[in-house]
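Chains as they are written, first to last, in our numbering: chain A, 1 to 171; chain B, 1 to 515.
In case anyone wonders, no lab produced these hints; they're calculated from the structure. Treat the hints loosely; a few may be bogus.
[Unchecked claim] Quick list of in silico lysine-lysine cross-link-like pairs, BS3-like style, CA-CA up to 27 Å: (1) A/79 with B/123; (2) B/458 with B/250; (3) B/175 with A/79; (4) A/79 with B/250; (5) B/197 with A/79.
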Amino acid sequence: MLRGVALRLLQAIPVVVIFAVLVFTLLHLLPGDPAVAIAGSEATPEAIERIRQQLGLDRPVLEQLGAWFGRLAQGDFGKSLILNQSVLSAVVERLPVTLSLSFLSLTVTIPFGITLGVLAAYWRNTWLDSLVMMSALVGVSMPSFWLGILSVIFFSVTLGWLPPSGYTPIS
Amino acid sequence: MSLRALKLTLSISIVIAGVMAGATGSQAQNKGGQITYSTVAGPASLDPYMAGSLVELEIAHGIFETLVAMDENYNARPMLASNVETSNEAKTFTFILRKGVKFSTGQEMTSADVLASFQRFAKVSTNASLLADVEKYETPDPYTFVVHLKSTNAVFVDLLKSSTYPLVVLPADQKDKPAREVEIIGTGPFKLGEWQKDSHLVLLRNENYVPDETASGPDGFAGKKTVYVDSIRYMFIPEANARLAALQTKKVDAIADLTLDLAKRLDGNAELTTLKTFPYCQQYFVIHATNGLTANPLIRQAIREVVNVDDITGATGILSQRNPSLLYPASPYYAGEMATTFYDQKSPAKAKELLKQAGYNGEKLILQTNSNYPYMRDSILVLSEQLKEAGVNADVQVIDWMSNSNNLQRGTGNWNVSTTSFCSPPLLGPQQWKSTIYTFPHIDKDPPMDAAFDRLYKSVDQQARKIAWFDIEKRVLDQGYLIKVADTGSLRGYNTRVQGLKPYFYLRFWNTWLK
Numbered sequence: 001m002l003r004g005v006a007l008r009l010l011q012a013i014p015v016v017v018i019f020a021v022l023v024f025t026l027l028h029l030l031p032g033d034p035a036v037a038i039a040g041s042e043a044t045p046e047a048i049e050r051i052r053q054q055l056g057l058d059r060p061v062l063e064q065l066g067a068w069f070g071r072l073a074q075g076d077f078g079k080s081l082i083l084n085q086s087v088l089s090a091v092v093e094r095l096p097v098t099l100s101l102s103f104l105s106l107t108v109t110i111p112f113g114i115t116l117g118v119l120a121a122y123w124r125n126t127w128l129d130s131l132v133m134m135s136a137l138v139g140v141s142m143p144s145f146w147l148g149i150l151s152v153i154f155f156s157v158t159l160g161w162l163p164p165s166g167y168t169p170i171s
Numbered sequence: 001m002s003l004r005a006l007k008l009t010l011s012i013s014i015v016i017a018g019v020m021a022g023a024t025g026s027q028a029q030n031k032g033g034q035i036t037y038s039t040v041a042g043p044a045s046l047d048p049y050m051a052g053s054l055v056e057l058e059i060a061h062g063i064f065e066t067l068v069a070m071d072e073n074y075n076a077r078p079m080l081a082s083n084v085e086t087s088n089e090a091k092t093f094t095f096i097l098r099k100g101v102k103f104s105t106g107q108e109m110t111s112a113d114v115l116a117s118f119q120r121f122a123k124v125s126t127n128a129s130l131l132a133d134v135e136k137y138e139t140p141d142p143y144t145f146v147v148h149l150k151s152t153n154a155v156f157v158d159l160l161k162s163s164t165y166p167l168v169v170l171p172a173d174q175k176d177k178p179a180r181e182v183e184i185i186g187t188g189p190f191k192l193g194e195w196q197k198d199s200h201l202v203l204l205r206n207e208n209y210v211p212d213e214t215a216s217g218p219d220g221f222a223g224k225k226t227v228y229v230d231s232i233r234y235m236f237i238p239e240a241n242a243r244l245a246a247l248q249t250k251k252v253d254a255i256a257d258l259t260l261d262l263a264k265r266l267d268g269n270a271e272l273t274t275l276k277t278f279p280y281c282q283q284y285f286v287i288h289a290t291n292g293l294t295a296n297p298l299i300r301q302a303i304r305e306v307v308n309v310d311d312i313t314g315a316t317g318i319l320s321q322r323n324p325s326l327l328y329p330a331s332p333y334y335a336g337e338m339a340t341t342f343y344d345q346k347s348p349a350k351a352k353e354l355l356k357q358a359g360y361n362g363e364k365l366i367l368q369t370n371s372n373y374p375y376m377r378d379s380i381l382v383l384s385e386q387l388k389e390a391g392v393n394a395d396v397q398v399i400d401w402m403s404n405s406n407n408l409q410r411g412t413g414n415w416n417v418s419t420t421s422f423c424s425p426p427l428l429g430p431q432q433w434k435s436t437i438y439t440f441p442h443i444d445k446d447p448p449m450d451a452a453f454d455r456l457y458k459s460v461d462q463q464a465r466k467i468a469w470f471d472i473e474k475r476v477l478d479q480g481y482l483i484k485v486a487d488t489g490s491l492r493g494y495n496t497r498v499q500g501l502k503p504y505f506y507l508r509f510w511n512t513w514l515k
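Chain A extracted, bound-state conformation (with noise of 0.2 Å):
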């Protein structure tokens, strides 16, 4: 069992490493200028120069990419230019809002399709199984982003009962 276990822990270890490269290669193989990014479209050649120096773009990219395997293997996954804070740190304070999110999600969404899907099964063929799968179809079928925009013009704006933005830890 022992045996196995490391072994699968030892076959994971180039699949980190392939992935690492692809992740970095693709980050280099992406449009556009991490430095220009962050800079601003008006910035002067000088201030675009200085940005990258202190990102360290202006190094070989094998002295990069080494760079970085240096430290993902002290567990340092470097830190976010958007929250000026480490990387670990970031998803570690998020980590339980997106679990409180996906645990609340589940236990509003597993019992409820649980039972309309049953319902659906049971009297197939009627209109309330069309209905069930109309409703699914249309929530599989529409953007996220589009239902989002809905869901706060209804929900907020219309009918005032929740806030258009904002999280509240549950407690």
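For this one, chain A is given, so just place chain B on it according to the hints.
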């Protein structure tokens, strides 16, 4: 698995997936209360020397102050300095500091703090090149700070007023703090309260603030500032509809980045209105002066001749107004009359003539734009039609903004014409235009313009500087490096219970109060 069981499982799966997809003036100026303002995003850092985004700067300019600041017309005016003396052919600048100015900690600001701030700025700021020509500093007494430059720079004080990466005064003990790790302590009317990244930031009234009593009232970022409210709460709501909904449901008092389309939802609402701000930015067609066809000035001039401004602004539908110049009328360097000669020419016949002189033979002219900013794409599409009317073989390429922006700055991507907006240079004046003018059209060499810029930086006499700028602007427009489209404005929404808000590039909350 039976057919019935399979159907049951499938039904349940589809229903769960479907539900889950859905889940994801003369009035009394009252004191106290909190104004809530929703912006698109929060600041990454409040280190003013690294602050480049609008929200970072709006917050930073409430907390920190500069020696020289922008006034209501974006011209330079002393702020933490009471006076600035220029001598030695504009190589020596003496700043007499206002006495009694305090940081939010209660400690008095002296020339030692100013010196440490300049030294830290030169070490960490993205705009450190501003101080590259400094020979030495002097602090002869606690209220005098002297800057000696190696060479003449007649616009040095104008450069110091820059609101982007502002050279604010920090306490001297912050001198060795690395970039983005500075403590948020300033001399401004607000101080930092609570800050939860991704969610909100609160600015509190700085009880230790010492206003400039020599001024009669606020003047841009300078003047006498008075804080009436207890606090300002910045709420970060990225989605435009959610921001507007927050305003409509009175969860916030003001919102940033409102579009004309969304603003229509405020029509007929007596409590909610919009704040239109002009000047804000300026839109240009940028012509690549060293790539293929457009390396020929006659071709660039032909492009300028076809432009019909009203057709373009009518198609984009953004908040805009006509202005032929690279500056705004309130600038002492404004040369609108001269610029009119090159503006909105709408003359395909003249363009045909210029194309003929250039020996144009139907080669492809590449117009590059992006899909992220519809007004840029629409402007280019209208221009391409105007060019076709003059017989130009215009080829429109729509790419992503990141690539478009990168190509504009680096000159890569084989483009001839593109479009973008500039905000800081037109607001801040001639001294800020140099880098933009050379970088974006990728001008290799232009001796007349080089000489004019030299005169601008070295002429101590302001009239001579005005003439130098006139020559620069004329050269830019005549050579078709940049073709002016229009001034573009910004739109914010607010609840009329907030009083005293004035249109300005940055939203300011001093001298505002709640009804």
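Verification of the hints:
1. A/79 with B/123: The hint holds at about 21 Å.
2. B/458 with B/250: The hint is violated at about 53 Å.
3. B/175 with A/79: holds, 23 Å
4. A/79 with B/250: Violated, at about 36 Å.
5. B/197 with A/79: Roughly 14 Å separates the two Cα atoms, so the pair holds.
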